[in-house]
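Based on the hints, put chain L in the right spot on chain X.
Protein sequence lines, in the order shown, are assigned to chains X and L. Under full-length UniProt numbering, residue 351 is the last one in the first sequence; the count climbs by one each step, no gaps. Under full-length UniProt numbering, residue 351 is the last one in the second sequence; the count climbs by one each step, no gaps.
Where hints are given, some of them may not hold.
Which copy is meant is left open, so a pair is good if it fits within one copy or across any two.
[Stated by the list, open to error] With a straight-line Cα cutoff of 20 Å, these simulated EDC-like cross-link-like pairs (lysine to aspartate or glutamate) come out:
(1) K81 with D29
(2) K144 with D305
(3) K234 with E109
(4) K335 with D323
(5) K260 with D103
(6) K152 with E34
In case anyone wonders, no lab produced these hints; they're calculated from the structure.
Protein chains: 2
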Amino acid sequence: MSTVKAYGAKEEKADLKQMSIDRREPTSDDVHIEIMYCGVCHSDLHQVHNDWGGSKYPVVPGHEIIGKVTKRGDNVDSFDKGDWVGVGCMVDSCQTCSACKDDLEQFCENGATMTYNSKNKHLDGHTFGGYSETIVVNKEFVLKMPENLDPKGAAPLLCAGITTFSPLHHWKVSEGDKVGVIGLGGLGHMGIKFAAAMGAHVVMITTSPEKAEDAKRLGADEVLISKDEDAMSKQEGSFDFLLNTIPVGHDVNPYVNLLKRDATMVMVGAIEPIDPLHGGNLIMGRKRIAGSLIGGIKETQQMLDFCGEHNITSDIELIDMQDINDAYDRMQDGKVKYRFVIDMQSLKDAN
Amino acid sequence: MSTVKAYGAKEEKADLKQMSIDRREPTSDDVHIEIMYCGVCHSDLHQVHNDWGGSKYPVVPGHEIIGKVTKRGDNVDSFDKGDWVGVGCMVDSCQTCSACKDDLEQFCENGATMTYNSKNKHLDGHTFGGYSETIVVNKEFVLKMPENLDPKGAAPLLCAGITTFSPLHHWKVSEGDKVGVIGLGGLGHMGIKFAAAMGAHVVMITTSPEKAEDAKRLGADEVLISKDEDAMSKQEGSFDFLLNTIPVGHDVNPYVNLLKRDATMVMVGAIEPIDPLHGGNLIMGRKRIAGSLIGGIKETQQMLDFCGEHNITSDIELIDMQDINDAYDRMQDGKVKYRFVIDMQSLKDAN
Numbered sequence: 001m002s003t004v005k006a007y008g009a010k011e012e013k014a015d016l017k018q019m020s021i022d023r024r025e026p027t028s029d030d031v032h033i034e035i036m037y038c039g040v041c042h043s044d045l046h047q048v049h050n051d052w053g054g055s056k057y058p059v060v061p062g063h064e065i066i067g068k069v070t071k072r073g074d075n076v077d078s079f080d081k082g083d084w085v086g087v088g089c090m091v092d093s094c095q096t097c098s099a100c101k102d103d104l105e106q107f108c109e110n111g112a113t114m115t116y117n118s119k120n121k122h123l124d125g126h127t128f129g130g131y132s133e134t135i136v137v138n139k140e141f142v143l144k145m146p147e148n149l150d151p152k153g154a155a156p157l158l159c160a161g162i163t164t165f166s167p168l169h170h171w172k173v174s175e176g177d178k179v180g181v182i183g184l185g186g187l188g189h190m191g192i193k194f195a196a197a198m199g200a201h202v203v204m205i206t207t208s209p210e211k212a213e214d215a216k217r218l219g220a221d222e223v224l225i226s227k228d229e230d231a232m233s234k235q236e237g238s239f240d241f242l243l244n245t246i247p248v249g250h251d252v253n254p255y256v257n258l259l260k261r262d263a264t265m266v267m268v269g270a271i272e273p274i275d276p277l278h279g280g281n282l283i284m285g286r287k288r289i290a291g292s293l294i295g296g297i298k299e300t301q302q303m304l305d306f307c308g309e310h311n312i313t314s315d316i317e318l319i320d321m322q323d324i325n326d327a328y329d330r331m332q333d334g335k336v337k338y339r340f341v342i343d344m345q346s347l348k349d350a351n
Numbered sequence: 001m002s003t004v005k006a007y008g009a010k011e012e013k014a015d016l017k018q019m020s021i022d023r024r025e026p027t028s029d030d031v032h033i034e035i036m037y038c039g040v041c042h043s044d045l046h047q048v049h050n051d052w053g054g055s056k057y058p059v060v061p062g063h064e065i066i067g068k069v070t071k072r073g074d075n076v077d078s079f080d081k082g083d084w085v086g087v088g089c090m091v092d093s094c095q096t097c098s099a100c101k102d103d104l105e106q107f108c109e110n111g112a113t114m115t116y117n118s119k120n121k122h123l124d125g126h127t128f129g130g131y132s133e134t135i136v137v138n139k140e141f142v143l144k145m146p147e148n149l150d151p152k153g154a155a156p157l158l159c160a161g162i163t164t165f166s167p168l169h170h171w172k173v174s175e176g177d178k179v180g181v182i183g184l185g186g187l188g189h190m191g192i193k194f195a196a197a198m199g200a201h202v203v204m205i206t207t208s209p210e211k212a213e214d215a216k217r218l219g220a221d222e223v224l225i226s227k228d229e230d231a232m233s234k235q236e237g238s239f240d241f242l243l244n245t246i247p248v249g250h251d252v253n254p255y256v257n258l259l260k261r262d263a264t265m266v267m268v269g270a271i272e273p274i275d276p277l278h279g280g281n282l283i284m285g286r287k288r289i290a291g292s293l294i295g296g297i298k299e300t301q302q303m304l305d306f307c308g309e310h311n312i313t314s315d316i317e318l319i320d321m322q323d324i325n326d327a328y329d330r331m332q333d334g335k336v337k338y339r340f341v342i343d344m345q346s347l348k349d350a351n
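This is chain X alone, in the form it adopts within the complex (with noise of 0.2 Å):
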């Protein structure tokens, strides 16, 4: 059993004290991995501040971690000593449920092992995530990091990258498909962008016309403020797929209001309850909403693989593992573009 150094968080803000989390010995089945870059997500906040109740002390958050080899179990074949490597939102599943058996591990029907905040299939007690030193992932959950990104801007495509590129993917959105993005943050600086890659036609939906020069930039084609009901009412009934990440419960009608027929709204973010739909509002026009969960890790190398050949990464600010209070407050206050990444030499440094 190693010991690494980590960072446990409860209701008061981490501090720095050193604690020893457990990690197992690789075994035959395994990657060692030092982790180098780890991406911070608004759901390590959630988990920190035990928002969804079922929160582990001490919380060890983590789940954007891209790092390199530096050891491999002997039936791993497929990654070498050095190779750059990314862990997302789940390190173990079932691999024998349907679920698993159609690559949607994510929906794995005894319980996916979450990257941190599980219970530990290997040690007593539970996982504990990429806010630390070095991780041991079975190999079927490390994913190969194209060598044309940056790592530190890929970090966050193993969660917010994939949350967004996997409802795009499944529902098929291709070139010249009208798509909206509902909502400017982590999730939808990313949904533009793989939009946008994919030959759609993207308009950002937002609230704050202040982000429109930024959507822009990021490949939107145009801007539509959802308070505008002018605008709002003249981009009725022409949406091909509408990619909703809002964070939080909101009245979603004005939004199924712009899909056309038959099209869907997927929600991506809201997990908590959402203002009352207008049933007239799905059966004008047999209209749809989903909902969808990270995806499964045959999809997530695809989605890498995409962002590999169109050049991809995630808008991020670096910051020290020293700082990661300050950028909490910050994430909570929507004042990110778009997502903070720790270095985590200054973990290493620190110890």
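What follows is chain L alone, placed relative to chain X:
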């Protein structure tokens, strides 16, 4: 211009005072129909009461029309005098927009002409429905009735039938699928019959244990009482498709939880706000909610042919025109198994 007798209703109950309504002389593309039977739909009552706004008085309701061809225009060769025919919710559409070209006239982008209470394209004023002796309809909106079907029981197929058949057909319900039909009324009882005829394992989902026996008689394999939390919990994640016929706003979350991964619940009844839906219930399992509205003319004919093949009609109670106000009262109280149909001979006898 011919005149026929019909009845209007406005806030106060309909009386049997004769009114003259305009029916155009058949054009070369028209079919003139003697109405024999007309189903009574809940939306007739909504329009009589102006619940949705926009009702034009006198309202002559009725869009589940069965009759015999009495005259046909010169360009009509698909119907002969004496043929049994049906007319549903629509009597015309633009025939040129993308919805019409896709055989989805119910979503005509220029506005389909509904059988009653729509702008009349040929005469001043609005359209009058099937609580009447005759009707003149463009040949494209006249349906052929299979000869083996009892015309009385076939009347409700034109609205309640297509409303439930269309989503089952469009979402490709097939042999062995586990299908839940939510709500046992005029729509729900047709949903059970269709899903069973398609070879599905049909579960009637209802709040009312007393409906169990009848649901099984109609073709349900199982009955699930939605107020029984244990029973609902046991069936979580097990349904391939849900047809939700509840006609009012309600909490859809317990039903969404019944869906399998990637499965859809289609709403056909609730043309009003539904209670807050938890985004997480869609996100976990990539589930979908959609709406559906009647069906296009081509699909309506497919539905009728399917009914002919499987000998499916509605369970009805035949009434005289003079009984309509009592029928409305009973319909509002849910006391009809499962559809009233007016024998139009009673109207002819009265005049």
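Okay, the hints, checked on the actual structure:
{"no.": "1", "hint": "K81 with D29", "result": "within (14 Å within a copy, 78 Å between copies)"}
{"no.": "2", "hint": "K144 with D305", "result": "within (9 Å within a copy, 55 Å between copies)"}
{"no.": "3", "hint": "K234 with E109", "result": "between (44 Å within a copy, 15 Å between copies)"}
{"no.": "4", "hint": "K335 with D323", "result": "within (14 Å within a copy, 67 Å between copies)"}
{"no.": "5", "hint": "K260 with D103", "result": "between (30 Å within a copy, 16 Å between copies)"}
{"no.": "6", "hint": "K152 with E34", "result": "within (14 Å within a copy, 76 Å between copies)"}
The earlier numbered hints are all upheld by this structure, with none contradicted.
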